[in-house]
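Read off the chains here:
2 protein chains.
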Amino acid sequence: MAQQGITPREKDYSQWYLDVIAAGELVDQSPVRGCMVIKPHGYGIWEAIQADLDARFKATGHVNAYFPLLIPESFLSKEADHVEGFAKECAVVTHHRLRSKEGGGVEPDPASKLEEPLIIRPTSETIIWHMYGKWIKSYRDLPLLINQWANVVRWEMRTRPFLRTTEFLWQEGHTAHATKDEAIEEATRMLGVYRDFARDTLALPVIPGIKSATERFAGAVETYTIEAMMQNGWALQAGTSHFLGQNFAKAFDVTFQSAEGSLEHVWATSWGVSTRLVGAVIMGHSDDTGLVLPPKIAPIQVVLVPIWRKDEDKAAVMDFAQAALESLQPHFRVHLDDREKMKPGAKYFEWERKGVPLRFEIGPRDVANNAVFCAKRTGDKKFGITVDDDFIDRVRTELNSIQQGLLDAAIARREANTHTVSDYAAMKAQMAIAPGFFLVPWHDDPVTEREIKDDCKATVRCFPLDAQDQAEGQACFYSGRPATHMAIFARAY
Amino acid sequence: MAQQGITPREKDYSQWYLDVIAAGELVDQSPVRGCMVIKPHGYGIWEAIQADLDARFKATGHVNAYFPLLIPESFLSKEADHVEGFAKECAVVTHHRLRSKEGGGVEPDPASKLEEPLIIRPTSETIIWHMYGKWIKSYRDLPLLINQWANVVRWEMRTRPFLRTTEFLWQEGHTAHATKDEAIEEATRMLGVYRDFARDTLALPVIPGIKSATERFAGAVETYTIEAMMQNGWALQAGTSHFLGQNFAKAFDVTFQSAEGSLEHVWATSWGVSTRLVGAVIMGHSDDTGLVLPPKIAPIQVVLVPIWRKDEDKAAVMDFAQAALESLQPHFRVHLDDREKMKPGAKYFEWERKGVPLRFEIGPRDVANNAVFCAKRTGDKKFGITVDDDFIDRVRTELNSIQQGLLDAAIARREANTHTVSDYAAMKAQMAIAPGFFLVPWHDDPVTEREIKDDCKATVRCFPLDAQDQAEGQACFYSGRPATHMAIFARAY
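Top to bottom, those sequences are chains A and B.
Taking my numbering, the leading residue of the first sequence gets 1425, the next gets one more, and so forth.
Taking my numbering, the leading residue of the second sequence gets 1425, the next gets one more, and so forth.
A few of these clues could be false.
Stated by the list, open to error - Derived BS3-like pairs: lysine-lysine, alpha-carbon spacing no greater than 25 angstroms straight-line:
| id | chain 1 | residue 1 | chain 2 | residue 2 |
| --- | --- | --- | --- | --- |
| 1 | B | K1435 | A | K1525 |
| 2 | A | K1558 | B | K1765 |
| 3 | A | K1738 | A | K1806 |
| 4 | A | K1720 | A | K1806 |
| 5 | B | K1604 | B | K1720 |
| 6 | A | K1482 | B | K1720 |
| 7 | B | K1435 | A | K1765 |
| 8 | B | K1720 | B | K1738 |
| 9 | B | K1525 | A | K1537 |
| 10 | B | K1435 | B | K1738 |
| 11 | A | K1435 | A | K1502 |
| 12 | B | K1771 | A | K1482 |
To be verified - Simulated DEER-style distance windows between Cβ atoms:
| id | chain 1 | residue 1 | chain 2 | residue 2 | range |
| --- | --- | --- | --- | --- | --- |
| 13 | B | Q1474 | A | G1904 | 51 to 59 angstroms |
| 14 | B | D1605 | A | G1557 | 29 to 37 angstroms |
| 15 | A | G1557 | B | E1531 | 42 to 50 angstroms |
It should be emphasised that the hints constitute simulated quantities derived from the structure, not laboratory data.
All residues carry an ideal CB built from backbone N, CA and C; glycine is no exception.
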């Protein structure tokens, strides 16, 4: 099989991203425009993300449920902002049967036309709030803390694997509360869960903040976001959490009787992350050799490669490798690459491109030394690890050090590419040299935001939660008016 | 909240099933015809099923992947049997955008009509074999052992929660092999995985067998099935595994170069189980009080109910309950029901209807005894369990005994309702008294099978794998011709 080269980041960052994905066998194009096939190695990353996040959701009191894929067309227009801003580019189901066509093939049976078309969910607020209307009667039914793992479809014109696809996988939390304060607390709590998860599991330091009105979720009162910096200095929105106020409760007439006996509309949040996170990880850590994965989400954390030249060495090497495999298996995701007729070098090449954090080479000399010869995906000289009582601990230490090293590098990169500027000209000049994050005093205004986007392609990524007290008394870096916020501007995916 | 009664099984088995589901808060009807909302307690059962099965798939060498929800219409007609027998009642996507309608609301935008309609997958053989055609070149690429967890849509006219719904959740394994023998071995291996899972996890003894031509999957050469008996003596198909021969490989032109250098079509299997299994568990074990769940898939295995009358007892009871919760949590799915203003009796009632296997009542006297007072969902007198060093082991023993007891009862019920008859009149007479499984010598023929179905509603559930050697020399119980198989006839969901 011919090996495809990987375009260096410096040469063409977009092509590099596609090459890393192809070389890592993460996805393939499907015959359906904008829909990707997630191959086993790519899906394994998503499974690790799911398992970690799901435990965090449950630890914060949430339960999972499942709502229908199909939504009646009329539901979408019940929340006016929601449909205007968001819900129109979607897949519409109009028939429920195929019939044979003259001359072969099939076609939609006109007799099966639906009275009301159905929409494949682009997000589930509408159908979930319809159901919540049936379930919520009293304050005793609140809070309702439900999450769903699901696929959604948004018809996209320009797609890019993981980052923007017509169908994608995600989780969507939908919670209902008796008070405004409680709902805001929930929305910010889940933002914190996302921030911690991104840092501790994905090794991505993200900036938690508030979206400007321009980028707010259609139907939300406030949208919270975590923004990650990619290696080219661009921003990637990695997750959002919305305080929905009473908008959906009013649209679907969901009220509850309070402890005091009054009838009130319910307060809501929703929050989600998607397979886009896999794209964030790829762009955040990989190098010109291919995929680099944080150990916590690597589908394979350790690969064992047995090596022998002479046939008489084979049995001893394979026995040793098998024993090492069995001792590692209870603790790590480990794989023994016992393919015959494939040279060790070709195996190394493949596992590097698949981002496996640790590779253990096992030859006759290693067996004699009762050791494995360890290569780290993130570099450094190879070194031996003795297979003794401390073996598991030493492997764990190496994986932890890779995980921490990736986070440290990402933090350093972000700091090096975050600029505090006080006037727009300085940002524009720097942006032309190298994109990055620009923390600036800002008078929030969709008109000036649009001007800046048209002029230098940068947009407000967020108002960082921890920087807002700096805005007071400052002048907007663009308009000179009094600053209402501190904002981060960046180019974004 | 008014408590809904549960219709006794004897009175109306179908209504009993719906009542158990409603009382257990497992699903709710959605506004989309035939689609159910799976509520948290119902989804928790599916999550436990998924976790157990997924580990079994991985232990047998399979990996997960994800293929698109939408399939080009033309793909469905590539395998002729597949589309004729199966793939026509499905949701058809014809447009990709909504537009605002005069007078309010939205409608499909005529300008967004798709050149080729897309189908929501009713099953994924076609799109997966299209992709396998890109991935498989050489015998080195085989076997390919991939599973997918996904939602599918089949437009159903008559639906019943879990057992038959327009959208359902399932897993579908799709494997590719170099030889016929290897593919048959895979199909039967996965049937064995399903049989073991049904017995050991769902406490359902199932009969593994082969489907008659009438009930074979459209596109398969051979369909293997596991058939479970419900409490009313009806059969429920709980899982199928198909040997697909080279049918899909030929339809999608998937060939490989063998080790000897020749070009050959690939051999295939597919196998799946769905949320239907939740229905099988409900029907298989529940009683007139409500849901009964095997501990291995109960979302809550142990519920703790603290009880106090006097305020001065509250702190001690709650502290003891909290300590018990923390000691149990690492080992079991456990819940502390600390709702205030709700009487213990109402809590017992709710958890019984939700099928929680063990309930621990904790009052001041129990605290004084350093014990919990244990009620088993499956009956017997309540008894104390001392909270000492053996606490976890004793709880585990009780859960295991419930699990085993449910399996034993199901086996006894099946044996009591399985009849060996040698002529059709005997089956028909017995069927009129009480349905059950009828093991009979059978000359396989779709025409006589249809006659029997029309006459007494019984169909061939399967040819049991372990009974086929009994057929030799026998006469068909219906036609008198030489028996080709031993068959199980039953009424079926």
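Hint check results:
As the CA atoms of K1435 of chain B and K1525 of chain A are separated by approximately 48 angstroms, the hinted pair breaks the 25 angstroms bound. With a CA separation close to 23 angstroms, the supplied pair K1558 of chain A and K1765 of chain B stays within the 25 angstroms bound. With a C-alpha separation of about 23 angstroms, the suggested pairing of K1738 of chain A with K1806 of chain A holds against the 25 angstroms cut-off. For the suggested pair K1720 of chain A and K1806 of chain A, the alpha carbons sit about 22 angstroms apart, so the restraint of at most 25 angstroms is met.
This hinted pair does not check out: K1604 of chain B and K1720 of chain B have alpha carbons roughly 36 angstroms apart, beyond 25 angstroms. Distance check on the hinted pair: K1482 of chain A and K1720 of chain B sit about 19 angstroms apart at the alpha-carbon level, within 25 angstroms; holds. With a C-alpha separation of about 67 angstroms, the suggested pair K1435 of chain B and K1765 of chain A falls outside the 25 angstroms cut-off, and the hint is violated. For a cut-off of 25 angstroms, the pair hint linking K1720 of chain B to K1738 of chain B is broken: about 32 angstroms separates their Cα positions.
Under the criterion of a C-alpha separation no larger than 25 angstroms, the hint pairing K1525 of chain B with K1537 of chain A is consistent with the structure, at around 19 angstroms. Annotation: proposed proximity of K1435 of chain B to K1738 of chain B is violated, straight-line Cα distance about 44 angstroms (limit 25 angstroms). Simply put, K1435 of chain A and K1502 of chain A have alpha-carbon atoms about 48 angstroms apart, too far for the 25 angstroms limit, and the pair is violated. A threshold of 25 angstroms between alpha carbons decides the hint, and for K1771 of chain B with K1482 of chain A the separation of about 22 angstroms falls inside it, so the pair holds.
In this structure the hint that Q1474 of chain B and G1904 of chain A lie 51 to 59 angstroms apart at CB holds, the actual value being about 58 angstroms. Taken as a hint, the range 29 to 37 angstroms is violated for the pair D1605 of chain B and G1557 of chain A, whose Cβ atoms sit roughly 57 angstroms apart. Between G1557 of chain A and E1531 of chain B the beta carbon distance is about 25 angstroms. The supplied range of 42 to 50 angstroms is therefore violated.
The structure fails to meet hints 1, 5, 7, 8, 10, 11, 14, 15 from the earlier list, while all remaining hints are met.
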